[in-house]
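**Q** One letter stands for each residue in the lines below.
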Amino acid sequence: MKKLTGKIIFILPNMVVILSLIFITLWILDIFNPGMNFLGNKISSALLIIFFVLSLINAIATIALERKREE
Amino acid sequence: MKSGIEEEYEQSTQKNLHITEEKRKRLPIWQILIIDVLVAGLLINVFAFFHHVLPRTLDGGVNIIGKDPIPTFELPSNTAHPSRPVSTPEPYEGSKRYSESPHKRQVDLVETYKNETSEVYLRKVVIGNGKDRITYYVADVFVSTAMSLKTAFARGKYGMNIKDDIVDIAYDNDAVLALSGDYYTNNDIGVVIRNGVYYRSEHTENDICVLYLDGTMKTYSPDEFDIDEVLERNAWQAWTFGPSLLDGKGNVLKTFNCSSYIKQTHPRAAIGYVRPGHYVLLVVDGREEGYSKGVDIRELAQIMVDEGCIVAYNLDGGKTACMSYDGELVNKPAGGGREIGDIIYIAG
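If you read the protein sequences in the order shown, they are chains Y and X.
So the first sequence is residues 26 to 96, counted in this note's numbering.
So the second sequence is residues 2 to 349, counted in this note's numbering.
Isolated chain X (complex conformation):
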């Protein structure tokens, strides 16, 4: 028979042994944390796959174009006194603006294109020298109706993560000139109206740009935007990226509705409005010292002013910013570029 002290000792020894065994089984905290970090990394990759990679076709939109007559606009070559000789590289109605600008530019007319419904004047512009050099391509686009300024989705499908090369999207749509769009396919927020078809209007903190069938273009802050009003006015296109660059009278905005990262120097794509029937499609190359450093958001806004725009809107930039003409890439996208979700184009 064991005494009370012996029993207590035995119990205590067993307890200690049990604790030691448990301790031996347990991993040190730093190892557990490393495992947690690895699991988190794995889950982020799974998230990225579903959010960023896996293509998903979404339901088609609703046609919103009514039967109202569509306004038509004169093309420059049809006017009795064209104010812009086609052979000069100066921007249409904009030579004064260039001369007013403090930046000295080297301007070359790269391509011109005309058909019955549209005219395109594509110029290459270089500002500055050395590491401050900026190179951009700007297309003055004239259309007889706003319907000639078209958009297209990659692979002809509306959805998430559906991407393609700009040249291939342009080819599929018989586009003579194409500019990368707002990359709507990378998220499920914002407003998407394309070629008079309404796809979505989800809450966004970004500015929104709308091209109406009457040829006018307007940018909206998220608070101003009213989808019912926009649909009623016969919207032809709507993009969500931003920010809006000008105040609607041709002045650079004092503040821009975007993150500090977007405000920094990057390659850029932008669309501008001069008057109904006259639009500016622009791509600024960047991230290549000596060729083009890119521009910050204020510099981009100033370029759009210099190009004669009264409304201008920043589209997706960085590697996305690209332009194609007649089946060939016009600019030099940063890092070789990337596949994109949509284009703005003029059909050939």
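This is chain Y alone, in the form it adopts within the complex:
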């Protein structure tokens, strides 16, 4: 269980970094060609929700770990 938690805590920030890079790319593409709807389509919307959830979990995990370390 501890190992799994450790792996998730390692993977989580990387997934947030990856999704951030994807959204930065889509945002730039959207500036050049808004007609393509890079940010508003169904796939982007699903990715955005995943991004929000992962960021939230990542933030909570970071706060919890920081607390544990202080204790």
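Don't read these hints as lab results, they were simulated from the structure.
It should be emphasised that the depicted structure is a prediction, and the values quoted were computed from it without experimental measurement.
Cβ coordinates follow ideal geometry from the N, Cα and C atoms, glycine included.
Errors might be hidden in some of the hints.
Stated by the list, open to error - Heads up, simulated DSSO-like pairs for lysine-lysine below, C-alpha to C-alpha not over 27 Å straight-line: (1) X/Lys-68 <-> X/Lys-219; (2) Y/Lys-28 <-> Y/Lys-93; (3) Y/Lys-67 <-> X/Lys-320; (4) Y/Lys-67 <-> X/Lys-158; (5) Y/Lys-32 <-> Y/Lys-93; (6) X/Lys-68 <-> X/Lys-125; (7) X/Lys-164 <-> Y/Lys-67.
To be verified - Have a look at the derived ranges for each label pair, beta carbon to beta carbon: (8) Y/Lys-27 <-> X/Val-47: 28 to 34 Å; (9) Y/Ile-88 <-> X/Val-47: 29 to 35 Å; (10) Y/Leu-73 <-> X/Glu-290: 25 to 31 Å.
Since chain Y is already given, all that's left is putting chain X on it; use the hints.
**A** Structure of chain X alone, referenced to chain Y:
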């Protein structure tokens, strides 16, 4: 038996060894970031495949044309006193507008076509010289009813990422003249009404252009647009790309509802409205110095004014902008062009 100090030392050594092993296993941050960038790149390609490449046929639309009588319009060659001799390259009802324009043009009548329901006068126009040269093709289209100004989807299917060559789409639909449309197939937003069939009306930030069965054409900002009103008025075609170029009285708009990228100089395709039954289909070549540099959005609007339009609408430009006549490409699309999602055409 070990003393307390020895035990503590052993524990500390084991701990240090464990930390060193963990450190050895871990990759440096820069390597992890490179892996993240590569994974992001891979996922963007997967995204592009589903969003941009994989063709998907969508459900067919709903016929919205009622049983109201359809207005008819006189074709120029049928009128008792045609105000435009067919042999001249001047635009119909527009010679004054050309002479009022500050730009000197070289105008050549390239093709003319007549049948019982439509007439087409295709001209090549060149403005300027050298690196500032602009070349465009403009077709004055006259139809006896708005129903003769038709549209067609690539491969005859409504859906996402369904594309084909303009000449092939024109051939499939027996089109004598065809212009690239709004590339509706590249996204799932905006309004799509084609040949009196309503396919979708999804939220968009773009202006919308509607051709009604009574022959009038109107452009709407996203805030003005009301799909119920448009359907009630018997819309025949609706496109979503934009921006709208003129104010409905033949004046160039002061501001355009589009991104700064769209405003820049590009190859262009546009549709214009002179009066019911008289429309202008235009393609401006670009990105080829010495032949045609393309036009920015304000220059395009001015060209549409010069061509006599009171309503004009920018369609998808860049590599998409192309026109075909009688099975042959008329213009020189930038970079060889690309497959497109839809056409606006006159049937032969």
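**Q** Run every hint past the structure and note whether it holds.
**A** Hint-by-hint comparison with the structure:
| no. | hint | verdict |
| --- | --- | --- |
| 1 | X/Lys-68 <-> X/Lys-219 | holds, 22 Å |
| 2 | Y/Lys-28 <-> Y/Lys-93 | holds, 17 Å |
| 3 | Y/Lys-67 <-> X/Lys-320 | holds, 26 Å |
| 4 | Y/Lys-67 <-> X/Lys-158 | holds, 21 Å |
| 5 | Y/Lys-32 <-> Y/Lys-93 | holds, 18 Å |
| 6 | X/Lys-68 <-> X/Lys-125 | violated, 40 Å |
| 7 | X/Lys-164 <-> Y/Lys-67 | holds, 21 Å |
| 8 | Y/Lys-27 <-> X/Val-47: 28 to 34 Å | holds, 33 Å |
| 9 | Y/Ile-88 <-> X/Val-47: 29 to 35 Å | holds, 32 Å |
| 10 | Y/Leu-73 <-> X/Glu-290: 25 to 31 Å | violated, 41 Å |
Violated hints for the displayed structure, listed by number in ascending order: 6 and 10.
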